[in-house]
Every structure is written in structure tokens, then in C-alpha cells.
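*Asks:* Take a look at the letters that make up each chain.
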Amino acid sequence: MSREELMLEVEDLHVYYGAIHALKGISLKVPKGAIITLIGANGAGKTTTLTTIAGLVKARSGRIKFMGEDITNKPPHTVTQMGIAMVPEGRRIFPNLTVYENLMMGAYTRKDREGIQEDLEWVFQLFPRLKERLTQLGGTLSGGEQQMLAISRALMSRPKLLMMDEPSLGLAPLLVMEVFDVIKKINGEGTTILLVEQNAMGALKTAHYGYVLETGKIVLEGPTDELLQNEEVKKAYLGVA
Amino acid sequence: MSGTIFLQNLFNGLTLGGLYALIAIGYTMVYGILRLINFAHGDVLMIGAYLAFYGVTLMSMPWYISVVVAILGSAGLGFLIDRVAYKPLRESPRISALITAIGMSFFLESFAVVVFGGIPKSFLSITPRFLKKVVVVFGARIQVLTFFALATTVALLALLLWIVYKTKIGMAMRAIATDIPTTALMGANIDNIIGFTFALGSALAGAGGIIWAMRYPQINPYMGFMPGLKAFIAAVFGGIGSIQGAMLGGFILGMMEIMIVGFFPQLAGYRDVFAFVILILILMFKPTGIMGKKLTVKV
Numbered sequence: 001m002s003r004e005e006l007m008l009e010v011e012d013l014h015v016y017y018g019a020i021h022a023l024k025g026i027s028l029k030v031p032k033g034a035i036i037t038l039i040g041a042n043g044a045g046k047t048t049t050l051t052t053i054a055g056l057v058k059a060r061s062g063r064i065k066f067m068g069e070d071i072t073n074k075p076p077h078t079v080t081q082m083g084i085a086m087v088p089e090g091r092r093i094f095p096n097l098t099v100y101e102n103l104m105m106g107a108y109t110r111k112d113r114e115g116i117q118e119d120l121e122w123v124f125q126l127f128p129r130l131k132e133r134l135t136q137l138g139g140t141l142s143g144g145e146q147q148m149l150a151i152s153r154a155l156m157s158r159p160k161l162l163m164m165d166e167p168s169l170g171l172a173p174l175l176v177m178e179v180f181d182v183i184k185k186i187n188g189e190g191t192t193i194l195l196v197e198q199n200a201m202g203a204l205k206t207a208h209y210g211y212v213l214e215t216g217k218i219v220l221e222g223p224t225d226e227l228l229q230n231e232e233v234k235k236a237y238l239g240v241a
Numbered sequence: 001m002s003g004t005i006f007l008q009n010l011f012n013g014l015t016l017g018g019l020y021a022l023i024a025i026g027y028t029m030v031y032g033i034l035r036l037i038n039f040a041h042g043d044v045l046m047i048g049a050y051l052a053f054y055g056v057t058l059m060s061m062p063w064y065i066s067v068v069v070a071i072l073g074s075a076g077l078g079f080l081i082d083r084v085a086y087k088p089l090r091e092s093p094r095i096s097a098l099i100t101a102i103g104m105s106f107f108l109e110s111f112a113v114v115v116f117g118g119i120p121k122s123f124l125s126i127t128p129r130f131l132k133k134v135v136v137v138f139g140a141r142i143q144v145l146t147f148f149a150l151a152t153t154v155a156l157l158a159l160l161l162w163i164v165y166k167t168k169i170g171m172a173m174r175a176i177a178t179d180i181p182t183t184a185l186m187g188a189n190i191d192n193i194i195g196f197t198f199a200l201g202s203a204l205a206g207a208g209g210i211i212w213a214m215r216y217p218q219i220n221p222y223m224g225f226m227p228g229l230k231a232f233i234a235a236v237f238g239g240i241g242s243i244q245g246a247m248l249g250g251f252i253l254g255m256m257e258i259m260i261v262g263f264f265p266q267l268a269g270y271r272d273v274f275a276f277v278i279l280i281l282i283l284m285f286k287p288t289g290i291m292g293k294k295l296t297v298k299v
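Quick note, the sequences are listed as chains A and B, same order. Counting from 1, position 49 in the first sequence corresponds to residue 49 in my numbering; the numbering is continuous, with no gaps. Counting from 1, position 260 in the second sequence corresponds to residue 260 in my numbering; the numbering is continuous, with no gaps.
There's no promise every hint is true.
Derived pair list, reagent style BS3-like, types lysine-lysine, alpha-carbon separation capped at 30 Å [to be verified]: (1) A:K205 x A:K65; (2) B:K132 x B:K121; (3) A:K235 x A:K184; (4) A:K205 x A:K235; (5) A:K111 x B:K168; (6) B:K121 x A:K160; (7) A:K58 x A:K29; (8) A:K185 x A:K32; (9) A:K74 x B:K87; (10) A:K160 x A:K29; (11) B:K87 x A:K58; (12) A:K234 x A:K29; (13) B:K87 x A:K111; (14) B:K168 x A:K131; (15) A:K58 x B:K168; (16) B:K286 x A:K74; (17) A:K111 x A:K131; (18) A:K74 x A:K160; (19) A:K58 x A:K32; (20) A:K65 x A:K24; (21) B:K166 x A:K111; (22) B:K132 x A:K65; (23) A:K111 x A:K24; (24) B:K87 x A:K131; (25) A:K205 x A:K184.
Computed footprint of chain A on chain B, listed as stretches where at least three residues anywhere in the stretch have a Cβ under 8 Å from a Cβ of chain A [stated by the list, open to error]: (26) 161-173; (27) 185-193.
Note that these hints are calculated values from the structure, not bench results. All C-beta atoms, glycine included, are put in the ideal place defined by N, C-alpha and C.
Using the sequences plus the hints, can you model the full thing?
*Replies:* Here it is in C-alpha cells:
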């Protein structure tokens, strides 16, 4: 892949929580228009990778480049304004705000009323259920509805890159499939996606290219159809021998 | 107690309660976001009163302009206090910020003693004449100031609710009260929202201080201490973190103070004690206050 096509480039990223070395030199590339996935066990550093890109966690060393610009250790609001949105782990809906207000928080940096209205319509198309719940408080939604809201909220900033942290976690099997379908749909509309998942099967079937993380390091990477055939991946993450 | 005196007390209670409510909001909004009791908040009230005083006496502004300038000055002071004293401590343990708040309170009081002087100043010359007139309502003699104070307070409280519930920045204030990092992920500048919250609370405190000074027309560098403490109790009483709770707590506390003394004049000397008795009772039996929610630990 050529350089101009890269949306996000992470180079040798090191992150510490106090004395704990959480990321030990992560490097990854997210080409424009792709779905890239990071899979790995609990504590492998998947969430830390995303939160460091988003600016919530500071990197000790290494570089993060977004559309050619260095965004390493930029504050989160700047990163969001540049076009990166995140669906955080555990959804993190604002429980005391209505569904509509949650969506408007997603559009916080925008001033184009018409564009916001357009994106609202699109979000309602993806998740018709949200439209019925607009005036309800976020905290009263079911887990599945909250996940729909978290994804929609992130889309409301009209991001160039959408980062999703475990969007399928804690959902009923039918909803898990729906979430992966929605991810493909969002990608089909032109949004680049960086997907973190413990559900390796779902993630690898959805994404184009994958990275496998183990204790803060990337141990394997490749096109997802190759990873799906890889013996180690099968054994460790897909539960098939 | 006769009907007319009751009516007088009722208005006094409402006015005092409104003042507590105005001041209590600053405590509760800051606590809601930072889990910090801003002990310097009462002193912002004092600075607000002095600003209004000097606006008229030194700068010879008309009283209404001086009042507006003083309220804006209080807002700026609140913003500045956050930037200078609390913002550098955002990542520090909460106790550090709390101790800093106490230090900031001492600083503002000492600053006022040095700059304004320790001798109380009369606020009578600031209060416009028409507010000092007395009208008779159903036999009760009530100062126009009382109605003015009450109307202003209610208008300011309504304005605050409008800002918090109907504007974009208000929405962001409610969002950071539950989740700071996620609000940052939405592209909102956290420090600006917190700064705005301080400014808003301080503006209300400044307005409260000016009305306070008109009602008890002597200002001194320590005048913010007692109203500040009482308003803090009102905020805890209503449920700290809840804006409506602070309003309700303020009105109940003010009304109780006036009414208890009204019904039992022999207890007048204990007036300041009631609020603290309420604080102790609340902390013993319902620490979350009237409208406060239990803080649930997120897993």
C-alpha cells in the first residue's frame, strides 16, 4: 500500500501505566477505506492502543500519524476535531442525557446544522429503534440499544476514522451479528474503521486486515483470510484445533 | 405570631433562601464535576460585593452598571481561581485540591484585608434609593428591596436552568458531570467547560453577594464566610451535585432559619446553629440529601 492511502500510522508506540509497561512498541497501519482489527486476550493492550490514539492516555515514546499529521499526545478534543471518533469500551453512554442529547454530544464540534440533520437521518436508518427513544434518558436503554447509541454518537461527528472498542461485548448473539453487519455498512459508506475485539471470529470475518496482540506486543499480522487459516490463531483465539 | 408578621417573615425567608440558593449552585455544580468543595466560593461573594462598592464609589458608575460589572468580575475571578489553583491539580489526589481550596479562601480574605482594608464599609450609598422604600402589603411593612431581591434571584435561577438544560455548553456541563473522558472524546474541551462552570457559579455568587450587601449593608473581608458555609449546607441538604437540590435546599434552609426565630424569638441567638444542626442530621440520616443520587461505582 502506498503512503498517500494511509489514514493512520502508529510507529513503535510505548505506553506505561506507572511502572507497568502496557504497550511495548506497537506499530500498525490503517489504510484509507479499510476495516482493520486488533484482536487479543484481556490485558493484551488493545484498549490502551485505542485510548492512546484518541489522546486519553499519553505515550512515553513512539509516533501516531493521522492523515500525514503527527497527533501523538494531542489532547482528545483536538484528535476528535481532526476526524477520529471512538466507540468506547462499555459504551459510556451519558446516562443523564436524553438519547437526542447523547447524539448531539457526538456532533459537539460541528456547526453545520444541515449536515447534522443528514447524519441523524442516516443514524436512524441504521438503528430505527433510536428514533423511538429520542426523548428517553440514555441510562434507561437496554444494553443493545446503548451500543447502538454509542455507535451512532460516534458517527455524529462524521469521522474519517472510527475506532470501536469491543462493540460486541455483552450483547445477545443475534445483536452481535447485527453489530458486525452495521460495521460493514458504515465502512461501505466510506468510513475507515479500526476495530478492537475479543470476539476474534466475528472481527476477522468483518475486517480486511488484522493484528494479533499479546502482552503489549504485536505477535502476528496479516490479511484476515490468512489469519483465519493460521493454526496458532485458530488454537488461541478461535477455539478450533 | 400575627398574620402580618408571618407575612413579613415569609418574605424574609424567601429572600434569604433565594440567596442561599444562588450561592449553593456554585458549590453543587463544581462538586458535580470535580468532586471538589470549592471553599473559596464564599469569598467570591465578598469580592463581588466589594467590586460593586468600588464601581460606584471609586469609578462613579451608576449602581446598575457597577452591579453588572461586579457580576462579570466575579465570573472572571471564578474562572481564574480554577485556572490558577485547581487546574494544575486535576490529576492529583482529591485531598490536594481540597486543601488548595481552603488556602485559596484564606488568600482571598487576606488579599481583601490588605487591599480593601479590614474596617467594614457601608453599602448604603450603593443601594439605590427606590429599593429602600417600604411598602405595605396586607398590613405587613416590606422593603421594596425584598421584592427586588426575590425577583432577581428567581430570574437568575431560571436563567441558570435555561443555560444548563437548553444550551450546548449546558449539555456539555451535564455530560462531564457523569463522564469526563467520554466528554473529551466527543471533541469538547474539558478545561473550557470546567472554567465556564466556575465562571457561571461565581457570577451567581457575585450577584448573591451584592444582594446580601444590600440587605445587610455592611461589607467586610470575612462577610462571605457565613453565607458560604450556609449555602454549602444548603447544597448538601438538597443533595450535592444536584442543581435543583441546591435551589430547594437553599429555600428550605433560609425559610427555616427565619421561621424558627419568628416562632421562637428566645432562640434568636442560636440562629446560626440551626443550619449546622441540619447538616449533622443530614449527614447522619440521609447523606445523599433530598435530591441527591447515590453514587454508584462503575464496574
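*Asks:* State for each hint whether it applies.
*Replies:* Hints, verified against the model:
no.: 1; hint: A:K205 x A:K65; in the structure: 27 Å, holds
no.: 2; hint: B:K132 x B:K121; in the structure: 18 Å, holds
no.: 3; hint: A:K235 x A:K184; in the structure: 26 Å, holds
no.: 4; hint: A:K205 x A:K235; in the structure: 16 Å, holds
no.: 5; hint: A:K111 x B:K168; in the structure: 11 Å, holds
no.: 6; hint: B:K121 x A:K160; in the structure: 61 Å, violated
no.: 7; hint: A:K58 x A:K29; in the structure: 19 Å, holds
no.: 8; hint: A:K185 x A:K32; in the structure: 16 Å, holds
no.: 9; hint: A:K74 x B:K87; in the structure: 18 Å, holds
no.: 10; hint: A:K160 x A:K29; in the structure: 15 Å, holds
no.: 11; hint: B:K87 x A:K58; in the structure: 18 Å, holds
no.: 12; hint: A:K234 x A:K29; in the structure: 23 Å, holds
no.: 13; hint: B:K87 x A:K111; in the structure: 28 Å, holds
no.: 14; hint: B:K168 x A:K131; in the structure: 21 Å, holds
no.: 15; hint: A:K58 x B:K168; in the structure: 28 Å, holds
no.: 16; hint: B:K286 x A:K74; in the structure: 43 Å, violated
no.: 17; hint: A:K111 x A:K131; in the structure: 22 Å, holds
no.: 18; hint: A:K74 x A:K160; in the structure: 17 Å, holds
no.: 19; hint: A:K58 x A:K32; in the structure: 25 Å, holds
no.: 20; hint: A:K65 x A:K24; in the structure: 18 Å, holds
no.: 21; hint: B:K166 x A:K111; in the structure: 17 Å, holds
no.: 22; hint: B:K132 x A:K65; in the structure: 66 Å, violated
no.: 23; hint: A:K111 x A:K24; in the structure: 40 Å, violated
no.: 24; hint: B:K87 x A:K131; in the structure: 39 Å, violated
no.: 25; hint: A:K205 x A:K184; in the structure: 10 Å, holds
no.: 26; hint: 161-173; in the structure: holds (count 3)
no.: 27; hint: 185-193; in the structure: holds (count 6)
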